Amino acid sequence: MKKILSVILAAAMLAALVPALVSCDSSKTLNMLNWGEYLDPELKTEFKKRTGITINEKTVTSNEEMLKLLEANDCPYDLCIPSDYAVQRLIKGGKLAEINYDNIPNIKHIDERFIKISAGFDPDNKHSVPYTWGVLGIMYNTTMVDEADIGSWDLLWNEKYSGQIFMYDSIRDAMAAALCRKGYSINTVNADEINEAANDIIAMNPHYRGWVTDQVKDDMIDGKGAIALVYSGDAVWSMEPNEGNEDLAFFVPEEGSNIYFDNMVIPVNSKKKDMAEQFINFLLDPEIAAQNTEFVYYTSPNTGVPALLGEFLSNCSAYNITDDEVKRCEIFKDLGDSIKLYNDAWDRIQAAIAK
Amino acid sequence: MKRVRLSYPYISVWMPLFIIAPMLFVLYYATFKDGAFTLEYVKQVFTTTNYLPALWTSIWIALVTTAVCLIIGYPVAYILSTMNKRVAALVSILFIMPMWMNMLLRTFAWKMVLDDTGVLASVINALTGNSPKLLYTPAAVLIATIYDFLPFMILPLYTTLMKMDRSHIEAARDLGATGVQTFTKVILPLSVPGIISGITMVFVPAMSTFAISRMLGGGKVKMIGEVIERKIMEQNDPAVGSTLAILLIILVIISMAIMNKVDKENGSAGGTLW
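In order, the protein sequence lines correspond to chains A and B. Here the first sequence stands for residues 1 to 355, where the numbers follow this note's numbering. Here the second sequence stands for residues 1 to 274, where the numbers follow this note's numbering.
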């Protein structure tokens with residue numbers, strides 16, 4: 001008797017599961033590939049209320065992971081937010097659909113400047129819509145660093161702050177700092193320049209407190225370090241008065257730096273392109289974009305957003321990157337096979353750290 | 001017969017699918033280039049100086065961890081084995097208890113303890129007056145690795161020492177051996193099997209630890225697992241990554257073989273876990 005009962009119970013549970021599975025697969029669901037905490041969940045609810053479309057989000061932690069998923073033949077995603085060089089590679093591989101801008105009237109809110117810069121990775125601006133942008137720079141603790149020392153990438157090489165410097169544990173970003181400091185392009189494929197930059201990093205390594213990525217925010221907020229190589233978005237997050245540290249400040253070094261864009265793109269195999277475009281248009285609405293910005297803290301390329309932001313973001317130097325600073329910056333390009341030069345340099349740096 | 005049949009699914013499905021096939025893939029990646037056999041990657045690993053430092057770091061950390069675990073674990077296991085069985089069971093549960101919690105959580109906890117403003121730093125500060133930076137140093141990685149693997153040393157030692165026939169010790173004492181002599185001539189030799197399995201259970205996994213060095217080493221302590229991950233995941237270079245993985249497997253096999261040999265020469269007595 002007990003057995004029969006449990007079989008019935010199991011069957012009932014399965015039956016309850018089936019409609020749930022079916023509804024997941026229904027035509028009113030958009031599969032989105034995103035970074036963690038990169039979309040205000042309330043906006044998903046709002047979008048569903050307005051259109052009946054459910055946003056099904058899967059999150060990843062790196063562009064490389066995103067590329068792997070998007071380059072697979074059976075890519076099930078309808079919308080994704082990769083960074084510039086990843087977009088470039090996806091376009092080269094024919095993996096992205098051309099976006100129909102007739103369906104996205106709100107595109108007019110995107111700052112003209114950025115349409116121009118993003119032509120660097122999406123030549124005819126046909127495949128991508130900027131979602132957020134930011135620059136690589138230096139975050140420092142004003143109570144530990146002399147004002148006189150700031151302004152240049154040299155700060156990361158200032159031995160006065162030995163043991164208080166955090167490097168960013170990511171190949172192109174760390175190399176970008178070293179390359180810019182020497183006046184080289186962050187996309188250089190000149191082996192001598194790359195080696196020189198790598199040697200500079202190796203020479204400075206004993207003075208680093210650590211090589212970190214995401215935890216740099218917490219470490220800087222706690223005051224474990226005085227100086228860190230970070231992206232502006234992470235700086236904004238760390239400078240936030242309630243959970244962050246108000247002693248932190250951010251600047252874009254005078255020698256220039258990297259500017260990045262994360263962009264909404266639609267994979268070529270998506271069968272719900274119209275719905276994806278509908279969602280992109282929704283996200284470009286200034287009020288929606290402002291709400292999202294208050295959640296993600298990364299700078300929005302939407303011209304309607306600044307007027308709607310709260311006090312903190314309106315005044316934050318890491319959020320409001322000036323035009324001058326933008327002009328000094330360069331985007332990362334997909335280097336194709338030349339990335340091997342960087343990989344070798346990186347292996348050499350890692351081996352030096354291990355010694 | 002029936003019992004043998006029960007193992008068929010494991011032998012015919014599980015092992016080929018999840019153990020043998022992945023190993024063959026790794027071997028293939030390491031020794032084939034464009035479909036042809038090559039030793040290029042093996043050469044690359046040994047001729048550049050890019051990968052071996054991380055391997056030395058791994059071996060060094062594993063050796064220190066094993067030694068410290070043995071030095072701390074042996075007396076603990078011995079005291080446990082002399083205790084009343086019930087008390088000993090209770091105390092050994094206390095040693096095992098941390099293992100009930102996920103390793104990542106334990107490592108996070110260590111991150112807080114070792115923090116600049118953490119418990120350990122404030123204690124040292126109160127005692128000596130200077131505030132040491134513990135987090136993101138090799139010491140931090142070592143402390144957490146030792147903590148994590150100590151139970152794996154204590155348990156096999158405890159099992160062996162507990163099973164040891166006490167009359168040997170009594171006989172030694174009756175025949176006039178001193179305490180030290182009893183230990184070096186009787187107890188220690190009899191506990192070799194436990195020492196061997198303890199060393200194996202600590203040294204082998206310690207060499208390939210990954211999360212601890214990444215979380216507490218602050219990117220400054222590079223172990224071989226991280227290099228393998230970097231080559232395969234980040235740089236899309238499964239060939240060198242796989243070669244390093246095979247090298248690690250060979251090192252593990254060698255250390256196990258040495259342990260086995262020592263064990264056999266000692267005329268294995270008592271229970272081992274391996």
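Hints are not guaranteed to be accurate.
[As the list claims (entries may be wrong)] Chain B stretches covered by chain A per the calculated footprint, using a threshold of three residues with CB under 8 Å from any CB of chain A:
(1) 44–51
(2) 111–123
(3) 192–202
(4) 254–260
These are computed hints drawn from the structure, not numbers from a lab. If you're wondering where the values come from, they're calculated on a predicted model, not measured in any experiment. All residues carry an ideal CB built from backbone N, CA and C; glycine is no exception.
Status of each hint after checking the structure:
Using a Cβ-Cβ cut-off of 8 Å, 4 residues of the stretch 44–51 of chain B lie near chain A, which meets the minimum of three, so the contact claim holds. Restraint check on the stretch 111–123 of chain B versus chain A: 3 residues with Cβ-Cβ distances below 8 Å, three needed, restraint holds. Only residues whose beta carbon comes within less than 8 Å of a beta carbon in chain A count, and the stretch 192–202 of chain B has 0; fewer than three means the coverage is violated. Here the stretch 254–260 of chain B counts 0 residues with a CB under 8 Å from a CB of chain A, which misses the bar of 3, and the coverage is violated.
Consistency note: the structure conflicts with the earlier hints numbered 3 and 4.
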